[in-house]
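Undergrad: Protein sequence lines, in the order shown, are assigned to chains P, R, F and G.
For the first sequence, my numbering begins at 14 and goes up steadily by one.
For the second sequence, my numbering begins at 14 and goes up steadily by one.
For the third sequence, my numbering begins at 14 and goes up steadily by one.
For the fourth sequence, my numbering begins at 14 and goes up steadily by one.
Take the hints with a grain of salt, since some may be wrong.
Put simply, identical chains are the same to the list, so a pair is met inside one copy or across any two.
Below, simulated DSBU-like cross-link-like pairs (lysine-lysine); rule was C-alpha separation at most 30 Å, straight line [said to hold, decoys possible]:
no. : residue 1 : residue 2
1   : 289       : 197
2   : 65        : 176
3   : 213       : 197
4   : 217       : 65
5   : 217       : 134
6   : 65        : 289
7   : 134       : 176
8   : 213       : 176
9   : 65        : 134
Derived by calculation from the structure, the hints in this document are not laboratory data.
Residue-level listing of the chains:
4 protein chains.
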Amino acid sequence: MTASAFDHPYLSGLLGDEEISAFFSADADIRAMLSFEAALAHAQAAHGAVSKETAVRIAEVCATFQPDVLALRHAVATDGVVIPELVRQLRNAAGGEAAEKIHHGATSQDVIDTSLMLRLKAACAILSDRLSRLLGSFDDLGRDWGGNQLMGQTRMQAAIPIKVADRLSAWSSPLADFRDRLNKTAFPLQFGGAAGTLDKLGDKAGTVRATLAENLGLSGRPQWQSQRAVVADLAHLLSLITGSLGKFGQDIALLAQTGDEIKLSGGGGSSVMPHKQNPVAAETLVSLARFNAVQLSGIHQSMVHEQERSGAAWTLEWMILPQMVIACGASLRLASTLVGQIERLGR
Amino acid sequence: MTASAFDHPYLSGLLGDEEISAFFSADADIRAMLSFEAALAHAQAAHGAVSKETAVRIAEVCATFQPDVLALRHAVATDGVVIPELVRQLRNAAGGEAAEKIHHGATSQDVIDTSLMLRLKAACAILSDRLSRLLGSFDDLGRDWGGNQLMGQTRMQAAIPIKVADRLSAWSSPLADFRDRLNKTAFPLQFGGAAGTLDKLGDKAGTVRATLAENLGLSGRPQWQSQRAVVADLAHLLSLITGSLGKFGQDIALLAQTGDEIKLSGGGGSSVMPHKQNPVAAETLVSLARFNAVQLSGIHQSMVHEQERSGAAWTLEWMILPQMVIACGASLRLASTLVGQIERLGR
Amino acid sequence: MTASAFDHPYLSGLLGDEEISAFFSADADIRAMLSFEAALAHAQAAHGAVSKETAVRIAEVCATFQPDVLALRHAVATDGVVIPELVRQLRNAAGGEAAEKIHHGATSQDVIDTSLMLRLKAACAILSDRLSRLLGSFDDLGRDWGGNQLMGQTRMQAAIPIKVADRLSAWSSPLADFRDRLNKTAFPLQFGGAAGTLDKLGDKAGTVRATLAENLGLSGRPQWQSQRAVVADLAHLLSLITGSLGKFGQDIALLAQTGDEIKLSGGGGSSVMPHKQNPVAAETLVSLARFNAVQLSGIHQSMVHEQERSGAAWTLEWMILPQMVIACGASLRLASTLVGQIERLGR
Amino acid sequence: MTASAFDHPYLSGLLGDEEISAFFSADADIRAMLSFEAALAHAQAAHGAVSKETAVRIAEVCATFQPDVLALRHAVATDGVVIPELVRQLRNAAGGEAAEKIHHGATSQDVIDTSLMLRLKAACAILSDRLSRLLGSFDDLGRDWGGNQLMGQTRMQAAIPIKVADRLSAWSSPLADFRDRLNKTAFPLQFGGAAGTLDKLGDKAGTVRATLAENLGLSGRPQWQSQRAVVADLAHLLSLITGSLGKFGQDIALLAQTGDEIKLSGGGGSSVMPHKQNPVAAETLVSLARFNAVQLSGIHQSMVHEQERSGAAWTLEWMILPQMVIACGASLRLASTLVGQIERLGR
């Protein structure tokens, strides 16, 4: 079964991104969730809430534990979240006091949101690197063709001549800004316990949380279980990137249609018209831009997150966010491909 | 890699729908595309455009052909569509005159859109059946509890008492209408050739097309390569269904919150609060409704389908539509689960 | 104050539609709401629920009543709906038994939704007429230029030559379908009373409702206070129309960019480039298509209409639907303008 | 005619915001556009591009000029933008050398986008003030009721008790962040000339632009005519605010439904159920949140801004952005009203 074009056996050739998708595999999620449980045990040990030995034992179990995924799947159908069953399995594997202390003070959302943040942090580092490389490619284009003339087009009509460098700047300068924003993005720990108050940790709540964030390499802040701007901000940034690359793709497709101001290699073939060189990467950049612009609306609908935790709003994020990240990854990959296909720009 | 919650190893326990998802597997797509190529050969044979023997040979090859999917994936990266490479492989397998006549007169979009229609037709028959069963369950609820009193709620406040039957009618009567609409939905053949004019078929274009539609069990009509209301209409209907079921889910969640007018079994467990019975299915119906309401916007963006064929607009459909169908399937599955969990309604 | 470009003092020159906007004026709404109250009185009189004289008196008052709009505005701030205050004013004006019987058995939503349906029915008749005229203009283009050759364009690249008639068919045949659908659209009475059960009318509920629908020229059906497919269906159809016209606009803008297959008159001027002829109408058709594609998502979010009446979901419709209708009107107006600017097509 | 509920004669009582709407009146736009033209003349005079006297004369005309708005409306229908006709009228009024030098080096988009930024800057200062006042009101609630107990609700079910202060923090802490972001938002000058290169200003381009930005109190940066993140960032922030207030409204409506943990005054009346106290402001906050979440998608669609200037993408912003700002204003107004209606929270 392949619900999504992003990991479809052949459509992913166009739309997929293996490197970014890997962060959204079940396995990556499980590893990140287990690293939360391990780091939680250590953080509590650091503040005397569990013994050192217990924390070590919990971390050992988490390091290698392979859950029964079918049982997880079955449990999610009823519980709506994977954690109750995952923790049950983990406790069985750990035994003894470790079993008792696993997940102590945390709630499902703490584990799931933190796992997401850990993976988004890593994925965004890759996106940032790709942006830097792409910016380098635009610089190369500028060095080679920046002085060429290009007919400036406004409202789909020839206006006055500009330089290729001017157009390149319109493509690349927003991306440089978005790269800087990605680099400054905080990926916060989620840690609030059952209803956000860390009720089980008493006066150690703040220190355990700070240590936990530090151990996981995440930024510390009070829980944000029902405050989803963290997610919406990232989704917005992803859509800004795909939107800007969509503008680049649209421009290339328009240049390629007329054809006299660009020389492109490696376009797509047709099943019946061997003469064609379709600007497939350029078109797909537009598709991905519109896709993320649509999805962002769903992430913002999730801002209406009722009470301490909304199953409805939270689950909606799960259906939308991973594909937005992959769409951004695919868009950056395609943009690099497309830049590489430009053999001449302007004249 | 699992981009989509709908086929995620464990999230699919909540959000997936194996029966519906199967229609969106690569294999199902390939089988449907090959059945198009076979039926095309037969339709052309019926009108003397290819020999009977060639058509039989093409159909034989299509019946059992297993493409090299990795090569398809690689080709899609360049071509944007799977057909050029699939046809190339198929021709290699067929050899002789069959090789030459495979795909004759058709274009990539004919095959891909028709494959989609074949699979949507089958998927929608299942959705219709589920609607009928769900309507039966609502009837059962009506028989058991329809005469009970329920406090009518307007603007989130108690208004005047109504009967459980009144609320049931608000839940089920739109669904009956949508079921009838699904049953009347036409799933048309796509067949236009390179630029929609069936240029290679000359004066046989109309009759070949009619025969092809009949052979595939699809409705006949001129090509709709750049006219996407077919897709938008279906997406709208899917979102109406999930929207109505979202209303049902929201109502149940609200009833469950107060708790005195409903008795529900089988709610979800919490990782830290064993006393809880979360109305997970009800909440998820709301998530799925909002998901499809968001996605519909993307399908309508695809109506702006430039010229004879827009790669940008068409590719956007691929990213969105399958998950809308699966979301509808999951929603119907969850609604049936939820109705089954209602042990008492009203009082 | 001018929140909307559709009735902005100068932007409306481009985006407005005076004829369609008129149906969404406060005055048109008030007149329609009063005609509901009058028809309700007559329908009740027809079935003996109020006296003939009272009904005549109510209808007389409704025919000429001019409410204190500032007081309405003030009341809406608190009540969320205009009806309690409007009915209060109306009762003051009517006096006597008429005062008592005005609005009998109805609720705010009955009046407001029915007023909307009355006005949408009239607006859609105009949209249908415009579609017919536009189809006539496309026919004229076909007669003049249908036999000319046009380079078919797929994936933004020249494919094979087609006839202008082929492209015209892709533009007009969806519109003919949408016109037919508009003509078949049912505009139903809303009549359910406080919680949808017509509790105050006893065994006369059904007959009063049928008579009321007939008197108002609307279709009869049980109340649909929380069942919003009526609204969503229309919004979908409006967006299909603007989407198809957006495709037409996009195609014209692309033709105008290259310039050798179209001769257009009357393009827009620039503040600094007197040589330019901007295809403003064509571009704006694209804007309107994307606008309605976005808005449709909001109407579908409103399908999650909790309990007997959701203030949240219903109010969202008010913010969105009128502009969708006007956008459709403006789109049809601009499409007619644009067709009229085509002096040659193909070659 | 009243396309928008935000300035509808009576619906604006609920949804409008006179103070914020004022910035989107035609008059406010015209005043801001004229202030751009005046400041442009002064900036050019400062760098010797026009004479001091001419600049003074231009500024004098701009200070009091009242355009023929009907003529503007008529011209927008053709030109798609108001500037060519406005500049024509202005030149007629100025006469002499001033006539020649008005608008020198600028293009329509420079004037229109800068006018928007000037008005958004002022509007956002008001939104920021309102956020501060609202935060103060939340503080007051905290002082009065923060220590009370509230049943924490997760997934629409009672979880464990929390303090009212905990819930208040979930409501107010995102708003404090958004207020800070509003305060740090840069509102940049738009100044690029016909195709973004300030072609008419030669080597004075950079200094004139810097002076112009300073004179207008806007931030300086190269033109962003086709780079719309400026607009998308603000739209995102507006939707974050309405989204968070929607969460607040949803929570209040849910509290009010059960009724034992809140005492609310001043709810809305019903036309038939005098006993009701509808939480109208709370519901409307949800509507406004969903509205802006929908609209944001359209602003992001506009990121695909083809070439040097896209009429299609730019015009789409005009239809959407003003109402997003007003929706945010109305949401803040209603939130303050709602906080004021809370007479007790928790127990």
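Undergrad: Now, for every hint given, state plainly whether the structure supports it.
TA: Outcome of the hint check:
For the homomeric pair residue 289 and residue 197, neither the shortest alpha-carbon distance inside one copy (43 Å) nor that between copies (39 Å) is at most 30 Å. With identical chains, the CA atoms of residue 65 and residue 176 are never at most 30 Å apart, being 65 Å at best within one copy and 33 Å at best between copies. In this homomeric assembly, residue 213 and residue 197 never come within 30 Å of each other (Cα to Cα): the closest approach is 33 Å inside a single copy and 38 Å across copies. Taking the shortest alpha-carbon separations for residue 217 and residue 65, only the intra-copy value of 16 Å comes in at or below 30 Å, while the best inter-copy value is 69 Å.
In this homomeric assembly, residue 217 and residue 134 come within 30 Å of each other (Cα to Cα) only inside a single copy, at 27 Å, whereas the closest approach across copies is 44 Å. Neither within a single protomer nor between protomers do residue 65 and residue 289 lie at most 30 Å apart by alpha-carbon distance, with minima of 67 Å and 32 Å respectively. In the homo-oligomer, the alpha carbons of residue 134 and residue 176 never lie at most 30 Å apart, since the shortest distance is 38 Å inside one protomer and 33 Å across protomers. In this assembly of identical chains, the alpha carbons of residue 213 and residue 176 lie at most 30 Å apart only when taken from different copies (15 Å versus 64 Å within one copy).
For the identical chains of this complex, residue 65 and residue 134 are intra-copy neighbours only, at 29 Å inside a copy versus 55 Å across copies, given an alpha-carbon limit of 30 Å.
Checked against the numbered hints given earlier, the structure breaks hints 1, 2, 3, 6 and 7 and satisfies all the rest.
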